[in-house]
Amino acid sequence: MATAGDSPFPCPPASSFQTLVDDNDPRITYSDGWLVEGAPGFECEATAHGANGVSVTATLDFNGVGVQVFGTVGVGDGSPSSTYQLDNLPASTFVFTENGQQNYRVPFYASPLLNAGNHTLVITSLGTNNSRIWLDYILYYPATNELVSNSSETSIPLTSTSPTSASSSATSSATSMTHGASTNTVAIVGGVLGSVVGIILAIIFTSIILQWRRKHADQTVTVTPHDGLVNKTAIPTHSVSASTASMPRTWANPISPVTTTSASQSYPAYAREAPTISEYWSPPTYEP
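Sequential numbering from 1 applies to the sequence shown in the numbering used here.
Incorrect hints may appear among the rest.
Between beta-carbon pairs, the in silico distance windows are [what the hints assert, rightly or not]:
no., residue 1, residue 2, range
1, S195, N118, 56 to 62 Å
2, N130, S31, 16 to 22 Å
3, N130, S16, 38 to 44 Å
4, S79, V196, 55 to 61 Å
5, Y30, D87, 17 to 23 Å
6, S16, I203, 52 to 58 Å
Hints were generated in silico from the structure; no laboratory data involved.
Glycine included, every Cβ here is placed at the ideal spot set by N, Cα and C.
Full structure from sequences and hints, please.
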């Protein structure tokens, strides 16, 4: 038997996310009516099981959350059909339309997301010798922590494998380059737009600050000298205190000292002629 390393088309890799079951794996139970052939360089492990009759079956028990089936439809196989019964779910039917080419890695079946646990898949061929399927390999998906945490989804991240004919060529590299270029373009455009918006906001902010400073710089405070005495403009009321003490005064004839007391008078501070001294203190009278 050829190995994966003998074929230019390697079998899908086994990992913690998917488990490979080749058509020659003993975990698959075949009924009578299958034959084994292979195309080195095109089929996994260079082998495939062909359904040589109607109602022949292949059964796989697995523990996981999903499963996929891949196979070959050759030139002259017509339009083969098959059914896929998973546990007690409704059966799924696959019908291939002949295209006159040898088709490899054709996806025959992909299950919905399943509850983690043991499941049974039964494959039944509905064709005849002139309309048969060729089972190449099966992938099932163990219940890893990541898949279980995404159990709210209705599908699982199944392997995407496009049917390949003998004359087809891969274009995945070109697709990856295009996608990378698109991603870089989006990043560049986003950066430029962010810079432009930042500059505009800075200009607006600076303009507001300059206008505010200019407005306050133009305001002039005018101070008018107080001229209440001239214009008879009222000014705040204030209190004036006059205080005298007993003190000797010299007159033509000696007299007794005059004692005065402290007086405090409050009056409106409006303009008027200065009071004469007689309003506050009168000199004593005396006889010569």
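Okay, the hints, checked on the actual structure:
no.: 1; hint: S195 <-> N118: 56 to 62 Å; verdict: 58 Å, holds
no.: 2; hint: N130 <-> S31: 16 to 22 Å; verdict: 20 Å, holds
no.: 3; hint: N130 <-> S16: 38 to 44 Å; verdict: 42 Å, holds
no.: 4; hint: S79 <-> V196: 55 to 61 Å; verdict: 59 Å, holds
no.: 5; hint: Y30 <-> D87: 17 to 23 Å; verdict: 20 Å, holds
no.: 6; hint: S16 <-> I203: 52 to 58 Å; verdict: 55 Å, holds
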